[in-house]
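Peer 1: These are the residues of each chain, in order.
Protein chains: 2
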Amino acid sequence: MSTKRIIVIGGSAAGPKAASRARRLDENAEITIIQKASDLSMASCGYPYYVGGFFDDRNQLLCSPAGVVRDSKFFWNAKKIFTHVNTEVTSIHPKAKTVDFVNIVSGEKGSMEYDKLIIATGATPRKPPIPGIELEGVTTLQSLPDADYLRKVRDEGKIKKAVVIGGGLIGIETVEALNLAGIEITLVELLPQLLTFIDKHLARLVEKYVQTKANVILQNGVASFLGENGKLVAVKLNDGTEIPCDLAVVAIGVIPNSKLAKEAGLTIGATGGVVVDGYMQTSDTDIYAVGDCIEIPNLITHKPVHAPYGDLANLQGRVAGENVILGNVSKFQGTIQTGICKVFDYGVGSTGLSEQNAIKMGYTNIETVVNASLDKPGFMHGNLLITKLVVEKSNGLILGAQVLGPGDVSKQVAIWAMAIKGKLTVDDMANADLPYAPPFSLAIDHSIATAHIMQNKLKGFFKGISAEELKNKLNAKESMLLLDVRNPDEYEQMRIGVGEKLIPLGQLRKRLEELPEDKNTEIITWCKISLRGYEAALILQSNGYTNVKVLEGGIMVWPWTREK
Amino acid sequence: MSTKRIIVIGGSAAGPKAASRARRLDENAEITIIQKASDLSMASCGYPYYVGGFFDDRNQLLCSPAGVVRDSKFFWNAKKIFTHVNTEVTSIHPKAKTVDFVNIVSGEKGSMEYDKLIIATGATPRKPPIPGIELEGVTTLQSLPDADYLRKVRDEGKIKKAVVIGGGLIGIETVEALNLAGIEITLVELLPQLLTFIDKHLARLVEKYVQTKANVILQNGVASFLGENGKLVAVKLNDGTEIPCDLAVVAIGVIPNSKLAKEAGLTIGATGGVVVDGYMQTSDTDIYAVGDCIEIPNLITHKPVHAPYGDLANLQGRVAGENVILGNVSKFQGTIQTGICKVFDYGVGSTGLSEQNAIKMGYTNIETVVNASLDKPGFMHGNLLITKLVVEKSNGLILGAQVLGPGDVSKQVAIWAMAIKGKLTVDDMANADLPYAPPFSLAIDHSIATAHIMQNKLKGFFKGISAEELKNKLNAKESMLLLDVRNPDEYEQMRIGVGEKLIPLGQLRKRLEELPEDKNTEIITWCKISLRGYEAALILQSNGYTNVKVLEGGIMVWPWTREK
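Just so you know, the sequences run in chain order Y and H.
For what it's worth, the working numbering labels the leading residue of the first sequence as 1, then goes sequentially.
For what it's worth, the working numbering labels the leading residue of the second sequence as 1, then goes sequentially.
Treat the hints as calculated values from the structure; they're not laboratory data.
These numbers come from a predicted model, not from an experiment.
Ideal Cβ positions, reconstructed from N, Cα and C, are used throughout, including at glycine.
Take the hints with a grain of salt, since some may be wrong.
[What the hints assert, rightly or not] 25 angstroms max Cα-Cα, derived DSS-like pairs, lysine-lysine: (1) K80/Y <-> K519/H; (2) K262/Y <-> K97/Y; (3) K331/Y <-> K4/Y; (4) K4/Y <-> K510/H; (5) K80/Y <-> K4/Y; (6) K393/H <-> K423/Y; (7) K459/Y <-> K331/H; (8) K510/Y <-> K80/H; (9) K160/Y <-> K73/Y; (10) K459/Y <-> K80/H; (11) K564/H <-> K331/Y; (12) K97/H <-> K4/Y; (13) K73/H <-> K423/Y; (14) K36/H <-> K80/H; (15) K519/H <-> K200/H; (16) K331/H <-> K393/Y; (17) K393/H <-> K80/Y; (18) K510/H <-> K73/Y; (19) K519/H <-> K331/Y; (20) K262/H <-> K97/H.
[Claimed, not checked] To be clear about the criterion: a stretch of chain H counts as covered by chain Y if any three or more of its residues have a C-beta under 8 angstroms from a C-beta of chain Y, and this derived list gives those stretches: (21) 87-97; (22) 464-476; (23) 502-516.
The whole structure should be built from the sequences, with the hints applied where relevant.
Peer 2: This is the structure in structure tokens:
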């Protein structure tokens with residue numbers, strides 16, 4: 001067998017993973033990575049934490065677990081992989097099976113033959129042609145030079161005010177990083193909510209929390225960047241507002257770098273990503289593509305999505321690296337779009353479909369529930385978790401879960417991601433066998449309790465109302481009885497304050513005569529997290545009230561200002 | 001419909017849960033809990049943490065999430081449930097459908113009729129008839145009075161030396177609690193390992209860690225407790241050793257309290273637990289049983305087990321509570337015996353079958369792998385995780401996983417528990433879609449990396465050797481080449497030191513001539529975690545070496561003393 005020549009275009013995440021996997025399966029293959037940037041194997045998801053000062057040694061972004069910087073020498077010595085950095089592939093010739101490239105520092109050009117090609121060209125931040133976008137002080141946070149620039153901003157401490165444009169994952173992470181650098185921040189988002197991978201109501205809770213760290217402006221975009229002597233001095237919004245600042249970070253999403261593939265005649269999907277099959281093979285059998293430049297199926301909706309997640313890039317790279325050596329033996333099936341981000345002391349994560357996404361995808365028969373509880377017992381200093389679960393109504397199949405709060409969000413999202421992977425139903429989750437001990441979880445884990453509430457809802461024991469629905473009713477001045485069933489001292493400490501009556505759960509059975517005579521009166525009950533609210537609703541129902549609803553998640557998920 | 005009379009025997013965990021669930025589904029049922037202890041709804045899993053000083057307010061062990069002590073008044077007011085504390089049921093009459101009881105304080109006797117009975121009598125610590133066991137200073141840590149006694153020990157600070165008997169979950173938790181109370185501890189275990197729910201090799205790693213906090217003695221039991229004036233002064237072991245101490249805590253497991261059920265003629269299983277079906281129904285259709293007094297199926301082996309876990313007790317209680325009201329509509333299928341415990345800064349957890357248990361259960365065709373890595377990137381201050389995965393060799397079905405280390409063990413065990421629940425295979429896990437961001441995990445999560453190694457092993461790319469096997473070979477003075485492939489500075493800092501040769505991975509291809517000419521020489525490679533060890537093995541194999549193995553988990557899982 002002759003030596004296999006493998007070229008990998010792109011040296012950040014998916015590319016090096018593919019190259020390394022190929023090497024492990026074939027010591028004799030000739031493997032080359034062509035990388036446009038000057039660095040290799042950058043931990044790009046770590047940039048916000050470098051900027052935010054979680055660590056100081058920039059090399060940690062480039063190191064192997066053993067602490068060796070993964071440069072060209074490392075790739076050659078440890079993995080026998082050639083790497084050309086500062087080198088851009090300018091064209092792919094699928095028939096000739098060659099790529100042309102140019103060294104962007106020296107200008108030197110060349111061409112190289114391949115037997116198998118792996119495209120891992122990544123994605124580029126969207127930078128719309130807004131006037132002034134070229135000003136000094138306007139940047140993105142996607143490349144290592146971006147991170148270097150923003151880290152210098154932190155270290156110099158000269159910049160006092162910044163605007164972050166875009167309330168998605170990177171935008172939010174940038175807000176945290178710059179806040180930790182002591183910079184006053186305004187976050188501007190065009191849409192009516194932050195973090196569109198979660199539902200609006202939960203996003204509102206995140207917004208409320210981020211408001212304590214930065215000024216948040218929704219439903220407003222940037223009209224222009226205003227400068228003096230080539231330097232940014234302010235951001236002008238669509239509504240005319242001018243926000244003085246010395247720094248603006250644009251974080252409004254990324255676009256797959258599929259131009260090269262397109263020019264080579266490969267099929268490009270509706271999302272703009274290169275189309276691949278489960279083997280990571282493009283429309284050309286000798287060309288594979290992986291990472292942020294491709295589109296992949298959403299495993300729930302079976303529709304293609306652009307899912308630029310670092311973990312998936314690595315998994316795809318591993319599959320492509322195996323397939324170019326062994327033939328198509330390994331598959332990457334797709335994604336359920338599991339994601340998480342740190343927002344100061346909160347985690348915010350999601351897996352599967354949100355309610356909004358499910359509706360957008362045509363699901364008509366879904367049920368949702370919001371649950372709030374601690375992640376572990378109060379005596380072990382538990383922290384709050386809020387979960388919204390989305391299931392198919394007919395069979396209880398779990399479609400998605402969103403989790404947020406200062407509690408252990410990561411574990412919860414992982415649990416639900418695995419539940420979706422295993423195609424589990426609410427009934428399966430209701431008796432899940434998870435690791436319990438007080439330092440780690442409640443006796444009934446938050447995820448299981450969420451499944452229990454959903455079971456109650458599906459069986460008709462529990463009628464819920466979301467905070468949004470209640471807010472709409474209040475705005476419409478609908479007539480209803482609002483019932484807070486906590487204790488007076490809890491009520492004095494904290495309350496929504498929208499006209500609710502206080503009857504502690506323990507007194508409810510004795511004070512039924514205080515309730516309206518009309519058993520059809522709409523009654524909405526709650527407590528801090530709505531467990532007692534649920535018990536109160538059951539008491540009222542068994543006393544003949546026909547229209548009782550529980551405020552899901554209780555006071556803890558009320559995303560607007562409370563009276564107290 | 002006439003009012004349903006429900007009696008629940010036992011008021012700790014499963015009992016109150018069943019009673020509460022029953023109440024929520026039937027406001028009119030007459031529900032009574034008969035509880036032998038003086039307290040109700042005790043968070044008994046929290047006792048070690050109360051003793052250890054994680055919190056000071058004893059009431060937190062008895063509180064609802066809203067901070068109200070769950071006493072008889074609480075149960076009546078909030079849940080309309082009668083409770084009789086300090087009351088022991090002395091007999092059940094299934095034909096008459098009555099129970100006899102006695103108040104153990106007043107001596108008053110009575111009898112009560114039921115329509116449905118739920119037995120939740122729990123379990124009792126094993127206390128073998130060792131001479132001196134009645135001495136002052138010999139205790140268990142199972143009841144609230146036990147916890148009160150040991151907390152007083154902590155607060156008084158008089159006791160300096162203690163012996164903990166039993167290296168299981170409670171024993172280990174007790175060691176931590178007493179260590180935090182400033183007491184010098186000797187842990188005595190009859191078996192050759194601690195924590196028998198994990199495999200011996202991993203238990204040895206736990207032992208090594210516990211040794212830094214307490215004196216650990218294995219394969220030795222207690223012959224007698226020695227006293228002076230009725231007070232414990234020493235523990236005498238089977239081998240004659242006397243350990244002076246003022247306190248001994250016996251933690252050698254629990255026995256299901258099934259005597260009452262047995263006397264009533266209900267079927268008792270081989271484990272000593274009450275036999276129930278999926279509805280939690282006993283051999284008498286009007287009697288249900290839940291919690292630590294029953295046996296349930298292991299869902300992997302389909303054999304009955306006694307699984308006294310607090311989380312399962314609650315889930316069973318919920319099912320029984322529902323079924324006594326609605327008829328048999330809800331099922332609890334069984335357990336995969338997921339458990340976790342905190343050992344100072346380590347977590348140790350397990351789900352499904354360990355290798356030892358799988359073998360004991362007759363599995364003959366299993367594969368295992370040990371993986372060590374950080375839980376999140378080094379730059380985010382990641383901590384070590386060690387996982388041993390057990391799968392069926394023929395189809396890659398996941399049978400069990402054990403995880404330990406200072407890293408996020410709880411999430412890992414939850415992931416594997418869900419994988420088993422979903423009947424997933426290694427191939428499924430290899431492309432799992434878990435929440436990734438640097439504050440929470442590696443780009444390739446530890447669990448997924450473990451699946452990757454297992455895939456490599458099942459596909460024949462990776463030949464592993466466990467630390468135990470290597471140790472046996474060393475003891476047998478087998479001829480082999482041991483190869484550490486880290487860098488010289490790493491080697492200087494830390495090394496096993498069993499005659500290994502150092503050739504850094506990056507130099508291996510150039511230094512092949514230093515290796516034995518005989519290509520059949522057994523070579524064992526490693527690095528810190530054995531990723532580089534794996535790459536080295538692949539290089540050697542492709543250079544014709546036929547007998548190369550990787551030390552699984554690398555130096556991090558070497559459970560014996562290292563040279564450095």
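Peer 1: Can you name, in rising order, the numbers of the hints this structure does not satisfy?
Peer 2: Checked against the structure, the hints that fail are numbers 9, 11, 12, 13, 15, 17, 19, 21 and 22, while the rest are satisfied.
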